[in-house]
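Q: Each chain, letter by letter, is given below.
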Amino acid sequence: MLNFRFKTYWKLFWKFRKIHLMRTLEYRGDLYFWSLISTIWTLFSLLFFDLLTQTGSIGGWERHEVLLLIGVFSILDAFTWSVFYHNMREYTRAVFSGEFNQYLTKPINTQFLIMTQSNSFNNFPRLIIGGVIMHRSLVALNYQPSFWQVISFLGLLSLAGLFIYLVWFIFATLAFWFEKLDNINDIIPSLRQIWQVPRSVYTGVTSLILTIILPLGLMTSIPTEVLLGKASVNWIIYFVVITFICFIFSQIFFKISIKKYSGAGN
Amino acid sequence: MKKSWSVIKSSYINALAFRSEIVLWLFLHVIPLVTIFAIWNSIYSNQNEIRGYSLTMILQYYFMTSLIDSFTSTHFESWRVKEIREGKIDFLLIRPLQYIQELFLRDIGGKALYLTLALPFFLVLFVIISTQSGLTFPNASIFQWSIFFGLLTVGYIVQFLAATIVVLSGFWLEYAEGGEHFKFVLLSLFGGWMIPIPMMPAWLQQIVNFLPLKYAFAKPIGIIQNTDKLAISDIVYIAAFVFFLWAIVQILWRKARYQYSSHGG
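Chains as they are written, first to last, in this note's numbering: chain A, 1 to 266; chain B, 1001 to 1265.
It should be emphasised that the hints constitute simulated quantities derived from the structure, not laboratory data. Treat each hint with caution, since some may be false.
Facing chain A, according to a computed beta carbon distance under 7 Å, are these residues of chain B, among others [unchecked claim]: (1) L1024; (2) L1028; (3) L1033; (4) V1034; (5) Q1101; (6) T1116; (7) Y1175; (8) M1194; (9) I1195.
Computed cross-link-like contacts, DMTMM-like style, restricted to lysine to aspartate or glutamate with a CA-CA straight-line distance of at most 20 Å [claimed, not checked]: (10) K1082(B) to E1174(B); (11) K1255(B) to E1086(B); (12) K1082(B) to D182(A); (13) K1183(B) to E90(A); (14) K1082(B) to E90(A); (15) K1082(B) to D30(A); (16) K1255(B) to D1090(B).
Per the computed footprint, the stretches of chain B lying under chain A, defined by three or more beta-carbons under 8 Å from a beta-carbon of chain A, are [said to hold, decoys possible]: (17) 1046-1060; (18) 1126-1137.
No residue lacks a Cβ here, since even glycine has one placed at the ideal position from N, Cα and C.
Same shape as in the complex, but just chain A (with noise of 0.2 Å):
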């Protein structure tokens, strides 16, 4: 029974991943021009950081090894916003206009079918960025990071993406309770600059509620770090076990707030 419902739930993922793909080939015009763009924001970024290095050291870690977060950020910006951006605005737009029903009688997991119906492929060239950033990084620093540090460095990028998805969903799931607040789903991309640099440059009360409370600021400095060799055991477990905290938060707020919910007759 369980292998065929994650059958089903595998045949599906993909079916919406090639209609997506036949939508995107449909307008091919869109596609390279929007990867242009973010194209752009990536080099603009890199330039950023680029000139800040050169006038000193960033919470401790030296230009190279800022670059390779930068390169770090690149990759699971792109996949946040490939994946989870669309998604999230399709879910807001259908719980504000009533359209919520199409989901709740659907035979498959709500929240499955949320994450899944819809994507992006404009970021593609920024996910090449980011990987291209990351290995002139480590050339530079003459470093090369050993077989279980790449397979944690996978691992705890994945967490991070799973913990992002978790704290956007948060947010838009407030949908039911807020009548209208169309930027609720602009909230997560303008927290992206908190996770953009080391947690280090955090102190004080930022360090508190960044790392701590809402450790955003950990996002890509734990998986950098720990492909650097230089993480600590005590900030993974706590990533580790907040990101399942807040997987359970996540799913008791969605079920407390679907109750809130009142289709529009269609």
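Given the structure of chain A, go ahead and fit chain B onto it with the hints provided.
A: Positioned in the frame of chain A, the structure of chain B alone reads:
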């Protein structure tokens, strides 16, 4: 005048319906400031001055960029281009106000509400940040502040004209709204929003000093920080640039009217 006032007023009232969104935007303004302040605090932790800038000056610089951005930025490109593409501006073309005038007056109305909420917000934010960091109020004369606000007005006009060019290109180009991103990147890079001019590499400084975009951020901040002055040649350059943008808008609008088509109504 009466017509213009009523458009501004109606735009202000319409914007009031979205006041909670404006308040949310204002709070989201804080995050980039917190991050940039944290970055510069860490950079200055082992040095007192970088290329003539102390930590206090650099914090002032970035606080001012945020404030200037609130005064001068325009964000109507995306939805206005969409309106044109979907053929939904018929009613604007038959009004006794020119389309561009309507764009301007509506933006002024929205901006008025935004500033009503933003100015007290920035004041409170300034007080909070200054107690937590080395941020202080710039020590400038009334004359310097007058030039600062004069340049802010020019900055708004430049941003409005640039945004109007993006909107008008929507009569021909399918992805015209993307021009908003180009506008922002160009202003950030060549206007001094990203980093103060003295901290840029020599090649970038040459480009920035040649282009007029520095009057948007770098120049006004330089004036109130006593690191720069406004010369007569600057005023001539600004006037020529504004005239250049205005001429492009007029040429585009004359041609754009004949490109537009819609059905039904």
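Q: Each of the hints needs a verdict: does it hold here or not?
A: These are the hints, each one checked on the structure:
Taking 7 Å as the C-beta cut-off, the interface hint given for L1024(B) holds, the closest approach to chain A being about 6 Å. Evaluation of the L1028(B) hint against chain A yields a held restraint, the C-beta minimum of about 4 Å falling below 7 Å. A cut of 7 Å between beta carbons decides the hint on L1033(B): the least distance to chain A is about 10 Å, and the hint is violated. For V1034(B), the interface hint holds, the least distance from its beta-carbon to any beta-carbon of chain A being 6 Å, beneath 7 Å.
Annotation: Q1101(B) was flagged as interfacial toward chain A, and the flag is violated, the nearest CB pair being 27 Å apart, outside 7 Å. The interface hint given for T1116(B) is broken, as the beta carbon of that residue sits about 18 Å from the closest beta carbon of chain A, more than 7 Å. Hint status for Y1175(B) relative to chain A: holds, with the closest Cβ pair at about 4 Å, below 7 Å. This hint holds: M1194(B) has a C-beta 5 Å from the nearest C-beta of chain A, less than the 7 Å allowed.
Interface hint status for I1195(B): upheld, as the beta-carbon distance to the closest one in chain A is roughly 5 Å, under 7 Å. Taking the CA atoms of K1082(B) and E1174(B), the gap is near 9 Å; set against the 20 Å cutoff, the hint holds. Taken as a hint, the K1255(B) and E1086(B) pair is honoured in the structure, with Cα atoms around 19 Å apart against an allowance of 20 Å. With a C-alpha separation of about 17 Å, the suggested pair K1082(B) and D182(A) falls inside the 20 Å cut-off, and the hint holds.
Taking the CA atoms of K1183(B) and E90(A), the gap is near 28 Å; set against the 20 Å cutoff, the hint is violated. Between K1082(B) and E90(A), the direct Cα distance comes to roughly 19 Å. Compliance with the 20 Å bound is thereby established for this hinted pair. Taking the CA atoms of K1082(B) and D30(A), the gap is near 14 Å; set against the 20 Å cutoff, the hint holds. At roughly 16 Å between alpha-carbon atoms, K1255(B) and D1090(B) fall within 20 Å of each other, so this suggested pair holds.
Coverage of a stretch by a chain is defined here by at least three residues with a beta carbon nearer than 8 Å to that chain's beta carbons; for the segment 1046-1060 of chain B and chain A the count is 4, and the condition holds. Given as covered by chain A, the segment 1126-1137 of chain B fails the check, having 1 residues with a CB less than 8 Å from a CB of that chain where 3 are the minimum.
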